[in-house]
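Below, each chain spelled out in residue letters.
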Amino acid sequence: MAKFKLPGEFFAKELHGYEFLPFKFHRLKTGRVFVSNIVGEWLVLDKQTFELFISSSLKPAAAAYADLRARHFLLDRDSGVAVDLLTVKLRQRLQHLRSVFGLAIFVVTLRCEHSCPYCQVSRQSDDRASFDMSTIHADAALKLLFDSPAQDIKIEFQGGEPLLNFELIQHIVLKAKRLSEVNGKAVSFVITSNLATLTDDVIAFCAANNILLSTSLDGPPELHNKNRPRRGGNSHQLAADGIARIQSLLGPDRVAALMTTTKASLSRAVDIIDEYRRRNLHEIFLRPLSPYGFAVKTNWFKAYDQMEWLQFYREGLRYIIDLNKCGERVIEVYASTILGKMLTSRPGGYVDMMNPAGIGSRVIVFNYDGYIYASDEARMLSEMGDKTFRLGNLSADSLADLVLTDPLLDAIEETVLESVPMCSDCAFQPYCGADPVYHHATQGDAVGHKAFSGFCNRQMGIFEELVELMDTDPEAARILSSWVRQ
Amino acid sequence: MSSVCTLIGDWSATDSSIVGEVVSREADKLTIDLFFGCARKSIIAYFQPPAAHLAAQAIALPANISHLSVGDFIAIYPKIGKLRILFRKASRSNNFLVTEVCDNYCLMCSQPPRNVSDERLLDEIIAILPRLPKDLHEIGFTGGEPMLRGEKFLRILRLLRDELPATAVHVLSNGRAFSRPDVAQSWANIRHPDLMVGIPIYSDQSDIHDYIVQADGAFDETVRGVLNLKALKQAVELRIVLHRHTIGRLEKFAYFVARNLAAVDHVALMGLELMGFAIAHQDDLWIDPREHAEALAQAAQTLHWAGLRVSIYNLPLCVLSPDARLFAVRSISDWKREYWPACSECSLRNQCGGAFFSSRQRMEPYITPIREHAASPNPGN
Chain A
12 MAKFKLPGEF FAKELHGYEF LPFKFHRLKT GRVFVSNIVG EWLVLDKQTF ELFISSSLKP
72 AAAAYADLRA RHFLLDRDSG VAVDLLTVKL RQRLQHLRSV FGLAIFVVTL RCEHSCPYCQ
132 VSRQSDDRAS FDMSTIHADA ALKLLFDSPA QDIKIEFQGG EPLLNFELIQ HIVLKAKRLS
192 EVNGKAVSFV ITSNLATLTD DVIAFCAANN ILLSTSLDGP PELHNKNRPR RGGNSHQLAA
252 DGIARIQSLL GPDRVAALMT TTKASLSRAV DIIDEYRRRN LHEIFLRPLS PYGFAVKTNW
312 FKAYDQMEWL QFYREGLRYI IDLNKCGERV IEVYASTILG KMLTSRPGGY VDMMNPAGIG
372 SRVIVFNYDG YIYASDEARM LSEMGDKTFR LGNLSADSLA DLVLTDPLLD AIEETVLESV
432 PMCSDCAFQP YCGADPVYHH ATQGDAVGHK AFSGFCNRQM GIFEELVELM DTDPEAARIL
492 SSWVRQ
Chain B
5 MSSVCTLIGD WSATDSSIVG EVVSREADKL TIDLFFGCAR KSIIAYFQPP AAHLAAQAIA
65 LPANISHLSV GDFIAIYPKI GKLRILFRKA SRSNNFLVTE VCDNYCLMCS QPPRNVSDER
125 LLDEIIAILP RLPKDLHEIG FTGGEPMLRG EKFLRILRLL RDELPATAVH VLSNGRAFSR
185 PDVAQSWANI RHPDLMVGIP IYSDQSDIHD YIVQADGAFD ETVRGVLNLK ALKQAVELRI
245 VLHRHTIGRL EKFAYFVARN LAAVDHVALM GLELMGFAIA HQDDLWIDPR EHAEALAQAA
305 QTLHWAGLRV SIYNLPLCVL SPDARLFAVR SISDWKREYW PACSECSLRN QCGGAFFSSR
365 QRMEPYITPI REHAASPNPG N
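Top to bottom, those sequences are chains A and B. Take the first sequence: its position 152, counting from 1, is numbered 163 in this note's numbering, and each next residue is one higher. Take the second sequence: its position 41, counting from 1, is numbered 45 in this note's numbering, and each next residue is one higher.
Just so you know, not all the hints are guaranteed correct.
Listed below are the simulated DSSO-like cross-link pairs for lysine-lysine, each with C-alpha atoms no more than 27 Å apart in a straight line [claimed, not checked]:
#1 Lys196(A) - Lys256(B)
#2 Lys70(A) - Lys256(B)
#3 Lys237(B) - Lys196(A)
#4 Lys58(A) - Lys256(B)
Now the stretches of chain B that chain A is said to cover, found in silico as 3 or more residues with beta-carbon under 8 Å [as the list claims (entries may be wrong)]:
#5 82-93
#6 135-143
#7 302-309
FYI, nobody ran anything at the bench for these hints, they're computed from the structure. No experiment lies behind these values; they were computed from the predicted model shown. For each residue, glycine too, the CB sits at the ideal point set by N, CA and C.
Required output: the full structure, derived from the provided sequences and hints.
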């Protein structure tokens with residue numbers, strides 16, 4: 012047997028120290044330091060190690076040296092693959108730029124039988140055909156979609172309450188399926204509904220066409236009904252019944268629910284989560300109100316600030332993690348979206364948290380009146396009179412006309428986070444999104460000043476919360492890691 | 005593995021190997037068609053002492069290959085009086101040794117490399133391939149390092165593509181050759197319908213990997229090899245053997261793979277086989293399986309959560325934590341596999357792949373029957 016060499020002999024003898032690869036850092040409240048790089052690799056270091064590292068004095072024997080090297084914060088002479096791997100990861104993270112219109116929203120009607128004061132889309136109660144999408148517009152939208160380079164299309168039906176125009180949903184689904192067979196494209200469907208008008212016919216149609224349902228559930232009955240008034244005051248009952256029927260007839264994973272946080276929700280995080288558990292819903296999206304539609308007009312949006320919401324979020328997240336520690340698998344969707352970007356090299360697909368912004372590229376909205384918008388929020392804004400992100404009209408414009416409009420391209424270009432003031436220095440930037448529509452709505456400018464951005468405050472609060480949890484509680488770290496599984 | 009045999013008659017004209025196929029067997033008497041390395045002819049081989057009226061050429065076979073049957077292929081080495089079974093028809097997975105030469109020199113290599121001139125091994129394989137059953141499920145190639153045989157080895161893969169297109173092909177390679185883009189490209193150009201290369205990476209640290217494979221610079225070449233293959237959409241499996249030098253950073257290694265090499269098609273976390281160099285180094289390499297159960301479970305989960313396909317090979321279910329059992333695969337060949345008397349009391353006995361016979365003694369203290377109902381293995385894949 013030839014002589015075997017010892018471990019030390021394989022470490023480059025003349026290291027001549029190390030070079031830095033680009034990174035950013037953020038001091039945590041705990042005194043420790045969060046470091047991240049352009050592809051989203053990260054580490055938390057104690058202050059002393061961090062200072063040794065940045066003064067080029069960290070020794071290869073230090074425990075953190077190997078971690079900093081493996082996560083591509085430093086480069087030494089022993090290995091040169093860091094640059095190859097950073098290239099691959101960067102390409103992967105930007106992969107979403109290749110797939111256009113992964114999400115196509117059809118607003119089949121703006122009518123609704125609910126009258127929620129926080130409604131962000133300014134629903135109409137009039138039983139008038141002028142708020143329904145026409146078949147001609149629906150067909151034109153499908154043609155545009157299937158003529159586009161999109162390969163994997165998710166069609167989401169929105170409203171108003173889309174089930175009030177169920178005939179059009181049926182028409183679109185059947186036609187989209189025919190088109191997908193002809194064009195070899197994949198298509199899937201989601202109906203976003205309050206379930207108040209859910210019928211057996213709808214369920215049968217969803218079963219036959221593999222359609223997912225997404226609904227609103229704000230919490231226990233009194234909270235939900237206060238947030239979501241309708242004639243009869245039975246919104247919660249109808250939603251809960253609908254959820255149960257879908258779960259038993261279509262399958263436990265065929266319905267998802269979303270909650271919206273109002274001032275009345277703030278003290279009730281645990282009750283809200285328990286309500287989801289009672290309904291066998293194991294994914295909870297703790298969502299703040301957005302500054303659109305009636306939520307602004309009624310001042311509900313201004314009823315609490317981001318700090319209050321963050322307090323609510325922290326309480327909810329801690330409770331969900333405790334449930335997981337006791338063996339019950341419950342996922343908080345906001346966190347899982349961020350964690351997907353923190354713990355894998357996948358691009359995140361959630362439009363609000365994409366960089367560059369996914370408006371008009373990843374998502375496109377066909378409104379009931381034939382106008383086309385760059386995102387769901389863009390059409391909400393338009394109902395308030397601001398048409399900035401209106402891309403065109405189904406009767407007049409070609410695909411190229413729509414996506415090459417200056418307001419859209421400018422907004423996307425200006426908000427690429429790597430070049431946005433404050434974002435460019437932020438260690439959490441790799442996990443964040445641009446959301447130009449939000450900043451346009453709140454500050455009149457797609458970039459905005461992040462110090463005054465509610466979006467930024469909220470995101471920063473969540474990032475710090477998640478990092479501190481993972482840094483201080485290994486069991487919580489395992490639980491959070493498991494949420495990235497898709 | 006070769007066996008000693010007795011060659012009867014005049015074999016002196018042959019100084020290289022002769023390849024033959026077993027075409028009939030009656031009790032202990034076999035007919036073997038020799039078709040490569042000499043003039044075509046049939047000869048007799050037998051396990052029992054010869055009758056008086058034997059043909060001019062015959063082989064007396066050793067008892068340890070008494071399973072030799074019709075459809076099997078052997079290579080005979082007249083000069084040294086040995087033979088090797090190249091292919092067993094009844095075996096679920098046949099592995100061909102391509103070469104004993106390797107540019108790695110791994111601490112735990114089960115097939116220690118030798119610096120020999122053994123290109124004849126490839127000629128034997130090329131001779132056999134057209135005669136193999138067309139419905140063959142799977143075929144494997146090992147070394148040494150097959151890619152050190154370059155173009156000649158790729159010729160074998162092209163031959164398989166044409167002769168046995170329905171047969172899955174698995175090649176074990178250290179991946180270093182693929183760091184050259186032209187090599188990766190010629191691999192991709194084969195356009196084999198079902199070809200996978202299994203490549204070992206042992207650490208997220210270059211110096212640890214290079215130490216384990218005893219070759220400076222190997223880590224960078226192997227990583228670049230994997231990247232080049234995946235850029236060409238070639239199927240790649242990563243393999244990591246669990247021992248003292250890989251276990252320390254196992255979870256971090258899993259994270260490194262999930263983050264940097266997520267495009268690979270499969271990751272195998274493999275228990276150590278005490279063969280070859282691993283025997284000599286066992287005191288250094290061996291780790292208490294219970295001690296590393298948690299790290300192994302976390303590594304498998306980290307990969308699984310990130311969306312990779314993961315399997316745990318070569319470890320009995322009772323030394324794995326319940327979270328890890330979901331990934332366990334019955335990977336050890338029947339003839340190398342070991343169970344214990346206590347295993348008959350285990351409720352998971354039928355799902356368990358056992359342990360290597362070679363690690364029987366080392367594993368024994370940790371074998372404990374499981375008395376519960378657990379989930380069926382590997383739903384994640």
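Do the hints match the structure? See the list:
Among the hinted pairs, Lys196(A) with Lys256(B) is inconsistent with the structure: their alpha-carbon atoms are about 39 Å apart, more than 27 Å. Annotation: proposed proximity of Lys70(A) to Lys256(B) holds, straight-line Cα distance about 20 Å (limit 27 Å). Only pairs whose Cα atoms come within 27 Å are accepted, and Lys237(B) paired with Lys196(A) is accepted, the gap being roughly 21 Å. Between Lys58(A) and Lys256(B), the direct Cα distance comes to roughly 22 Å. Compliance with the 27 Å bound is thereby established for this hinted pair.
Requiring three or more residues with a Cβ within less than 8 Å of a Cβ of chain A, the coverage given for the segment 82-93 of chain B is violated, as only 0 such residues are present. Counting residues of the segment 135-143 of chain B whose beta-carbon sits less than 8 Å from any beta-carbon of chain A gives 0, not enough to reach three: the coverage restraint is violated. With a cut-off of 8 Å between beta carbons, the segment 302-309 of chain B has 5 residues touching chain A; three or more are needed, and the interface restraint holds.
In this structure, the earlier hints numbered 1, 5, 6 are contradicted, and the remaining ones agree with it.
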